[in-house]
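One line per chain: the protein sequences are B and A, in this order. Quick note, the first sequence lines up with residues 1 to 414 if you use full-length UniProt numbering. Quick note, the second sequence lines up with residues 1 to 414 if you use full-length UniProt numbering.
Any given hint could turn out to be false.
Just so you know, same-sequence chains aren't split out, so a pair can sit in one copy or run between any two.
Listed below are the simulated DSS-like cross-link pairs for lysine-lysine, each with C-alpha atoms no more than 25 angstroms apart in a straight line [as the list claims (entries may be wrong)]:
1) Lys268 with Lys307
2) Lys88 with Lys58
3) Lys104 with Lys88
4) Lys391 with Lys104
5) Lys104 with Lys194
6) Lys128 with Lys391
7) Lys201 with Lys128
8) Lys340 with Lys316
9) Lys363 with Lys104
10) Lys243 with Lys88
11) Lys87 with Lys171
12) Lys307 with Lys340
13) Lys212 with Lys144
14) Lys255 with Lys391
15) Lys223 with Lys104
16) Lys141 with Lys194
17) Lys169 with Lys144
18) Lys212 with Lys194
19) Lys179 with Lys255
20) Lys128 with Lys88
21) Lys268 with Lys128
22) Lys391 with Lys363
23) Lys179 with Lys144
24) Lys381 with Lys391
25) Lys243 with Lys144
The set of hints was computed from the structure by calculation and includes no laboratory data. All values reported here derive from a predicted model rather than from experimental measurement.
Protein chains: 2
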Amino acid sequence: MDAEILAVGTELLMGQIANTNAQYISQRLNDIGINVYYHSVVGDNPVRLKSALELALKRSDVVIMTGGLGPTQDDLTKETVSEIMGKKLVLHDESLKRIENYFKRLNRPLTKNNIKQAYLPEDCLVIKNDNGTAPGCIIEKENKIVVMLPGPPSEMRPMLDDTVIPYFKSKSQEKIVSKYLRIFGIGESLLEEKLMHLIEKQDNVTIATYAKEGEVTIRITNKSNDEAVALRELAHVEEEIAKVVGDALYSDEDKELYQIVGEMLINKGITIAFAESCTGGLISSVITDIPGISAVFDRAVVSYSNKSKVENLGVKQETLDKFGAVSRETAVEMAEGIRKVAGTDLGLSVTGIAGPGGGTEFKPVGLVYIALASKNGTACKELRLAGNRRKIRNYTVLNAFDMIRRWLMNESNN
Amino acid sequence: MDAEILAVGTELLMGQIANTNAQYISQRLNDIGINVYYHSVVGDNPVRLKSALELALKRSDVVIMTGGLGPTQDDLTKETVSEIMGKKLVLHDESLKRIENYFKRLNRPLTKNNIKQAYLPEDCLVIKNDNGTAPGCIIEKENKIVVMLPGPPSEMRPMLDDTVIPYFKSKSQEKIVSKYLRIFGIGESLLEEKLMHLIEKQDNVTIATYAKEGEVTIRITNKSNDEAVALRELAHVEEEIAKVVGDALYSDEDKELYQIVGEMLINKGITIAFAESCTGGLISSVITDIPGISAVFDRAVVSYSNKSKVENLGVKQETLDKFGAVSRETAVEMAEGIRKVAGTDLGLSVTGIAGPGGGTEFKPVGLVYIALASKNGTACKELRLAGNRRKIRNYTVLNAFDMIRRWLMNESNN
Numbered sequence: 001m002d003a004e005i006l007a008v009g010t011e012l013l014m015g016q017i018a019n020t021n022a023q024y025i026s027q028r029l030n031d032i033g034i035n036v037y038y039h040s041v042v043g044d045n046p047v048r049l050k051s052a053l054e055l056a057l058k059r060s061d062v063v064i065m066t067g068g069l070g071p072t073q074d075d076l077t078k079e080t081v082s083e084i085m086g087k088k089l090v091l092h093d094e095s096l097k098r099i100e101n102y103f104k105r106l107n108r109p110l111t112k113n114n115i116k117q118a119y120l121p122e123d124c125l126v127i128k129n130d131n132g133t134a135p136g137c138i139i140e141k142e143n144k145i146v147v148m149l150p151g152p153p154s155e156m157r158p159m160l161d162d163t164v165i166p167y168f169k170s171k172s173q174e175k176i177v178s179k180y181l182r183i184f185g186i187g188e189s190l191l192e193e194k195l196m197h198l199i200e201k202q203d204n205v206t207i208a209t210y211a212k213e214g215e216v217t218i219r220i221t222n223k224s225n226d227e228a229v230a231l232r233e234l235a236h237v238e239e240e241i242a243k244v245v246g247d248a249l250y251s252d253e254d255k256e257l258y259q260i261v262g263e264m265l266i267n268k269g270i271t272i273a274f275a276e277s278c279t280g281g282l283i284s285s286v287i288t289d290i291p292g293i294s295a296v297f298d299r300a301v302v303s304y305s306n307k308s309k310v311e312n313l314g315v316k317q318e319t320l321d322k323f324g325a326v327s328r329e330t331a332v333e334m335a336e337g338i339r340k341v342a343g344t345d346l347g348l349s350v351t352g353i354a355g356p357g358g359g360t361e362f363k364p365v366g367l368v369y370i371a372l373a374s375k376n377g378t379a380c381k382e383l384r385l386a387g388n389r390r391k392i393r394n395y396t397v398l399n400a401f402d403m404i405r406r407w408l409m410n411e412s413n414n
Numbered sequence: 001m002d003a004e005i006l007a008v009g010t011e012l013l014m015g016q017i018a019n020t021n022a023q024y025i026s027q028r029l030n031d032i033g034i035n036v037y038y039h040s041v042v043g044d045n046p047v048r049l050k051s052a053l054e055l056a057l058k059r060s061d062v063v064i065m066t067g068g069l070g071p072t073q074d075d076l077t078k079e080t081v082s083e084i085m086g087k088k089l090v091l092h093d094e095s096l097k098r099i100e101n102y103f104k105r106l107n108r109p110l111t112k113n114n115i116k117q118a119y120l121p122e123d124c125l126v127i128k129n130d131n132g133t134a135p136g137c138i139i140e141k142e143n144k145i146v147v148m149l150p151g152p153p154s155e156m157r158p159m160l161d162d163t164v165i166p167y168f169k170s171k172s173q174e175k176i177v178s179k180y181l182r183i184f185g186i187g188e189s190l191l192e193e194k195l196m197h198l199i200e201k202q203d204n205v206t207i208a209t210y211a212k213e214g215e216v217t218i219r220i221t222n223k224s225n226d227e228a229v230a231l232r233e234l235a236h237v238e239e240e241i242a243k244v245v246g247d248a249l250y251s252d253e254d255k256e257l258y259q260i261v262g263e264m265l266i267n268k269g270i271t272i273a274f275a276e277s278c279t280g281g282l283i284s285s286v287i288t289d290i291p292g293i294s295a296v297f298d299r300a301v302v303s304y305s306n307k308s309k310v311e312n313l314g315v316k317q318e319t320l321d322k323f324g325a326v327s328r329e330t331a332v333e334m335a336e337g338i339r340k341v342a343g344t345d346l347g348l349s350v351t352g353i354a355g356p357g358g359g360t361e362f363k364p365v366g367l368v369y370i371a372l373a374s375k376n377g378t379a380c381k382e383l384r385l386a387g388n389r390r391k392i393r394n395y396t397v398l399n400a401f402d403m404i405r406r407w408l409m410n411e412s413n414n
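Isolated chain B, as found in the complex:
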């Protein structure tokens, strides 16, 4: 089955937002073996919308549409699809009830416009929306399938994941299973080289690598008529890859590095505190994205000034004078200092030059020290990073989390 993603919305053509829905839907469809050959975007214009949809139905088996399901006169997706597919719009009682309840909860009056949202093409499969008012739907006709989903990603994503993807899975005899392996610490080219023997002999299981800033994701996919067989083969390939990449593999569930670290800390009950300089609170802000992290995260000090390094972290003035704020010695004292004042199991510190100014011949922009203090002593890592300020800061954050992850792994091995 070949698919096309057709987004409707003038805000996309004005450049107010990027079409991240197309990215998300493409990933999910590719995961289950549906090829995406086209993305298209048209505005809230009935003539152009109609011709774009006609074209999509001519060249693709499946058309996934996003947007244009809102309550206003501009929102024309349902009307246009119904016209082209020869369906009437009829009131869907259950959707009307959901919309009425939605407004009741918000304590806001229901308007006529919102009732329009409960009208759906006859004989369609309704997709309920738990995060907004516009229901979605799936229409089948003459070997073509049109799916309509609302534009806001927070509404669209759960509807896709919970209803649309299972719908397509159930239509196919073939079972397609995918897994994302996340790797930190090996570049994409080197990784491909290391995996070449697996990539070359791939038969059922396909292996693809994708580089993301500072990280690589490996997607492995398998199809079979028997899901258990597909999963078994996938597990075998995952094992082979794990042998090659070793502990650079940090997740086989497509999780972010910071999530893995947060979960490890919480599960092991190991407490932590941060002392950040060049990252300016990024490490702390990222880990506090995790609900419930307060069980193990005590505090962070963003010691931008030397005065703060001395006062908050107990870094010695003579260390700063002799070695400078960006030095192995200062990083170590910062890590030990935050561990001591916070009374946590771990203390992690970062000091570096994120640029664009502040670099010298001996301490260039991109020089970063990360130190991790624990009951076993203090380890310090020197990084020499390339790129602009944003890249250097982000790459430092990844390295910091990876250092914690590796400590936690070794700890549990002891």
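Put chain A on the given structure of chain B with help from the hints.
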């Protein structure tokens, strides 16, 4: 002139990246009065690329293409465009020299594939690429214009801004000028209501509002044969809008709120420190995105635990016991505490419940206190925010920066 943006790249259809190029190009074209009616994406497939380009040339005057200019066999944009436009590919000496120099600088050998990148359609206008190897080009034929740009945004953006936009501007008699006014603290509906008299009477100058999370941007655009006239009319409308929105208008240069605050602090030489709880270091990480902020930013304490609030900020244990960590009283002591320990002009604190857990009947998720301590005393603001953890944290950050901005504005008025 009506335009279409056609991106070429299988990585877009696989969902590896979002088509942010289309967003960027759409903004820039709209700024100079070129309507964008379609975005399309096709993979590195010659047949589909050809038919997508033929369609684009049929329905649009201008086709801006991104991607497919790389050195590999997959990269087919130039070949396909040349075929359809009836042009030969010829070696462009200057581009070859640029590519040779690029590899010399990197100390890497030049391959045959890279020489392919110096071949361009005859009679085209070459767009030089200062950040990569693939030159771009503009081809005109029979009232149609095709622009080819490389896919990586860091290469594409400067080529668009420095060559393509001036090229289109020079083609038009009419001068189009735009300005973005950034507003914080008035919702989009209310803002439209307040501006209705201006929106309704708009003649030359068009006014459009765009909502972004927690903020609104107003774009004002004007066209005239005389740029000075266009600018004068624009300035007049800006004044009218400013009268209506007052000091909710924080930038007329499309800058972010935190940038405005950072610049104000640096220009006035006013020092600051943060005490963050529910935002977990976000405020600090955002402001340290600004190079040179160390002149005024001293430190931040992310006091996630109550212990840290007492130890680092001098919050009284009895305040925590009596009023709780999320309270006006604690926020005030945190702000005064961080101002005192850091010895800065300003101390800003945040404490709140970001959710999803931790809410109670009297202190629900979304309850946030922001306090700002200065020589004039301490102000505290209570917020009741809706949305998920991410939204609550981001909205708190915006409110915090706005509170600082308003203090700095009043200060300079005294």
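Exercise. Is the C-alpha distance from Lys128 to Lys88 at most 25 angstroms within one copy, between copies, in both cases, or in neither?
Worked result: within (19 angstroms within a copy, 54 angstroms between copies)
Exercise. 25 angstroms Cα cut-off: does Lys391 pair with Lys104 within a copy, between copies, both or neither?
Worked result: between (46 angstroms within a copy, 23 angstroms between copies)
For this session: Indicate which option fits the pair Lys363, Lys104 if close means a Cα-Cα distance not exceeding 25 angstroms: within, between, both or neither.
Result: between (61 angstroms within a copy, 22 angstroms between copies)
Problem set entry | Copy assignment of Lys141 with Lys194, given that the CA separation must stay at most 25 angstroms | neither (47 angstroms within a copy, 47 angstroms between copies)
For this session: Measure nothing new, just compare the shortest in-copy and cross-copy C-alpha distances for Lys104 and Lys88 to 25 angstroms and report within, between, both or neither.
Result: neither (29 angstroms within a copy, 66 angstroms between copies)
Problem set entry | Homo-oligomer pair classification [Lys194, Lys104; C-alpha up to 25 angstroms] | For Lys104 and Lys194, the Cα distance exceeds 25 angstroms both inside one copy (58 angstroms) and across copies (28 angstroms).
Problem set entry | Intra- versus inter-copy proximity for Lys171 and Lys87 (alpha-carbon distance at most 25 angstroms) | within (22 angstroms within a copy, 47 angstroms between copies)
Exercise. Within a copy, between copies, both or neither: where do Lys243 and Lys88 come within 25 angstroms Cα-Cα?
Worked result: Intra 57 angstroms, inter 49 angstroms, cutoff 25 angstroms: neither.
Problem set entry | Intra/inter-copy verdict for Lys179 and Lys255 if alpha-carbon distance must be at most 25 angstroms | within (11 angstroms within a copy, 40 angstroms between copies)
Exercise. Under a CA distance limit of 25 angstroms, which applies to Lys169 and Lys144: within one copy, between copies, both, or neither?
Worked result: Cα proximity of Lys169 and Lys144: one copy only (16 angstroms, versus 44 angstroms across).
Exercise. 25 angstroms Cα cut-off: does Lys201 pair with Lys128 within a copy, between copies, both or neither?
Worked result: Neither: 44 angstroms inside a copy, 42 angstroms across copies.
For this session: Can you give me the call for Lys391 and Lys363, within, between, both or neither, at a CA distance of at most 25 angstroms?
Result: Within one copy only: 18 angstroms inside, 39 angstroms across.
Going through the hint list in order, the structure does not satisfy hints 3, 5, 7, 10, 13, 15, 16, 21, 23 and 25.
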